[in-house]
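S.K.: Chain residues, written in single-letter form:
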Amino acid sequence: MSARGTTIASMVVLVVLAAAPFLSPLVHLDVSIVSEVLVTAIAAMSVNLLLGYTGLPAFGNAAYFGLGAYGAALSAKYFHVSFLLAILIGTAAALLGGLLLGPFLLRRRGIYFGLLSIAFGQVFYFIAYRYTDVTGGEDGMNFPRPPLGLPFANVTVNETAFYYVALAAFVLALLAFRAIVASPFGRTLVAIRQNEVRVRYLGLNSDRFIFVALLISATMAGVGGALFALLINFAYPLELDWHQSGYFVLMMILGGAGTVWGPLLGSAIFVIGKDIISTITPLWQIFLGALFVACVLGFPRGIVGTFSAVLRRRAHVADVDDANAAFDPHAPVEVGRGV
Amino acid sequence: MIEHLAPQLVNGLVLGAFYAIVALGLSLIMNLTGTINMAHGSFMTLAGYLAYTMVLRGTSFWFALLAAPLIAVLVGVLVERTLVRPLYAREPFYSLLMTFGLSLMAEEVYRLIWGSNGVPFSPPAALDGTANLGFMVFPAFRIFIAAVLVVAIVALALFLTRTRFGLRLRAAVQDTEMIAALGTNTQLLYAVNFGLGIFLAGIAGVLAAGMLGLSPTSGNALLMPAFVTVIIGGMGSLFGSIVGGVLIGLAISLTTLFVPAASEVSMYVLMALVLMIRPRGLFGEEGLFG
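First to last, the sequence lines map onto chains E and U. The numbering used here puts the first sequence at residues 17 to 355. The numbering used here puts the second sequence at residues 95 to 384.
Hint data in this document are derived by calculation from the structure and do not stem from the laboratory. All the given hints hold, so there is nothing to weed out.
Far from chain E, by Cβ distances over 12 Å, these chain U residues were calculated:
| id | residue |
| --- | --- |
| 1 | V104 |
| 2 | P217 |
| 3 | A240 |
| 4 | T270 |
| 5 | G277 |
| 6 | F377 |
So the derived list for chain U, only partly shown, Cβ under 7 Å to chain E, looks like this:
| id | residue |
| --- | --- |
| 7 | P186 |
| 8 | Y188 |
| 9 | M192 |
| 10 | G195 |
| 11 | M199 |
| 12 | I325 |
| 13 | A355 |
| 14 | E358 |
What you are looking at is a predicted structure, and each value in this text was computed from that prediction instead of being measured. Quick reminder that beta carbons are idealized off the backbone N, C-alpha and C, glycines included.
Using the sequences provided together with the hints, build the complete structure.
M.R.: Here you go:
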């Protein structure tokens with residue numbers, strides 16, 4: 017798609033998102049569901065940075081997501097902090113988690129990195145699960161949604177207000193994400209995916225780049241997690257579980273790995289699909305599993321990725337092998353385009 | 095306290111043998127094809143439920159112990175040939191995702207067939223009592239479990255080192271292209287190897303059903319310790335998986351005795367410690383799996 021076409025499409029998406037609280041009742045969709053789409057999209061975006069751009073199988077981002085959720089929930093419940101401060105604390109907790117796990121994950125690449133991410137991520141799950149006195153254990157913990165906390169507008173956050181906070185966070189995350197992947201730092205991440213040995217020969221410490229990418233990813237997931245807890249006024253251990261990590265990966269691949277808008281699209285399909293299918297049948301998990309299988313076997317490049325590949329082909333640009341879309345070193349990623 | 099120590103240690107060894115055998119199956123599949131089989135726990139659960147149904151229908155426990163894993167192997171090889179095989183040429187992460195999807199579906203299917211709640215699956219009467227080990231008494235079923243698991247591990251070791259097929263399998267792990275060029279049917283190797291991994295999972299699944307309970311998610315509960323086992327032992331090393339399993343079993347049972355709340359976390363602490371000293375695990379080789 018031409019740069020202008022992409023810009024126009026992005027503008028349309030943003031306008032629709034801005035009007036969503038007024039549009040969603042028309043299609044019988046709860047505003048809170050649309051909020052959930054945005055919030056999980058931020059987490060899916062965090063996976064995108066590691067997996068889609070840096071080529072690391074990040075299968076543990078639920079740890080940071082859950083740390084964000086519990087950070088926000090615990091601080092709101094026990095210290096009665098404001099809405100915005102709860103987000104900040106949740107995010108800080110996720111960043112701390114990244115600082116703690118990063119040094120371990122950094123040492124390995126490829127599928128080993130994935131295995132380490134899965135395993136280490138579970139630590140926090142068991143802590144939340146076992147530390148019943150504070151976290152409520154398996155049952156989770158609920159808490160009242162705190163007031164916003166701006167000095168001039170310390171108002172209660174209703175569902176519409178929440179939506180706009182979530183939208184603001186999403187747009188900020190999206191802009192930050194675009195800036196990061198377009199920066200020399202982001203280019204280096206893509207270069208690491210394509211040929212890490214060469215990056216090292218150029219004198220760059222790839223470990224350090226990956227560590228920073230991991231911290232950014234953890235922070236982003238933390239924002240998503242904190243918002244998620246505040247959205248449902250609840251935090252529970254399964255948010256930290258490796259299944260949740262898998263869902264984020266699915267959203268990202270479904271939408272399109274290495275694309276800027278893919279995570280939002282994937283998250284929308286996942287969250288809204290779950291909402292609709294769960295009301296029809298209790299077998300949501302079968303659909304979900306089938307979606308994984310279909311996605312991997314059928315369209316690994318995701319919706320946005322496949323769409324833009326078709327457009328590129330029409331523009332007679334050489335195409336690459338479809339099968340390894342997310343990890344093929346030469347697969348195209350969107351850098352500096354998209355919004 | 096000290097009189098609890100001995101049973102707890104033996105318990106830890108039995109638990110460790112479980113982790114080891116699940117990890118061995120995972121490692122077999124991982125080493126040859128790079129596939130991290132997230133559905134491994136689902137195959138354990140499947141074998142457990144099949145055995146449960148067989149015993150319920152009146153077959154003997156001994157028959158079920160062998161037949162249920164074999165049926166799981168059939169299902170496993172079918173899945174491998176149809177769904178996993180197309181992914182061998184692609185990045186290993188895709189097969190991880192695909193098998194994850196399969197495990198989600200399997201869990202729901204088990205829930206449909208056998209219900210969400212756990213079902214009782216007790217060992218046969220012959221193994222119901224306790225055995226006197228001289229220094230302590232211990233449930234006979236657990237001794238039996240340990241014995242079966244040890245036999246399975248020894249049989250696997252013999253198969254891999256003493257038979258022509260096992261030799262080919264190990265050669266294929268080192269260089270699949272070379273062994274294909276020398277005329278070995280690598281697709282057959284892949285299928286048998288996958289089946290072998292599932293068979294180990296199936297045996298563990300039936301035994302675990304008797305010891306740890308049987309529910310749609312019970313197999314998956316053993317999957318995570320098995321991952322940690324593989325990491326501690328070192329990816330690529332089968333021997334490492336055995337050592338790793340025993341270490342984790344002991345770590346978990348000892349923390350259960352002293353700090354029950356930390357029993358799960360202890361294995362991750364152990365994993366972190368091992369990785370600090372040896373980043374590729376105790377017996378992992380440099381270069382394998384990055």
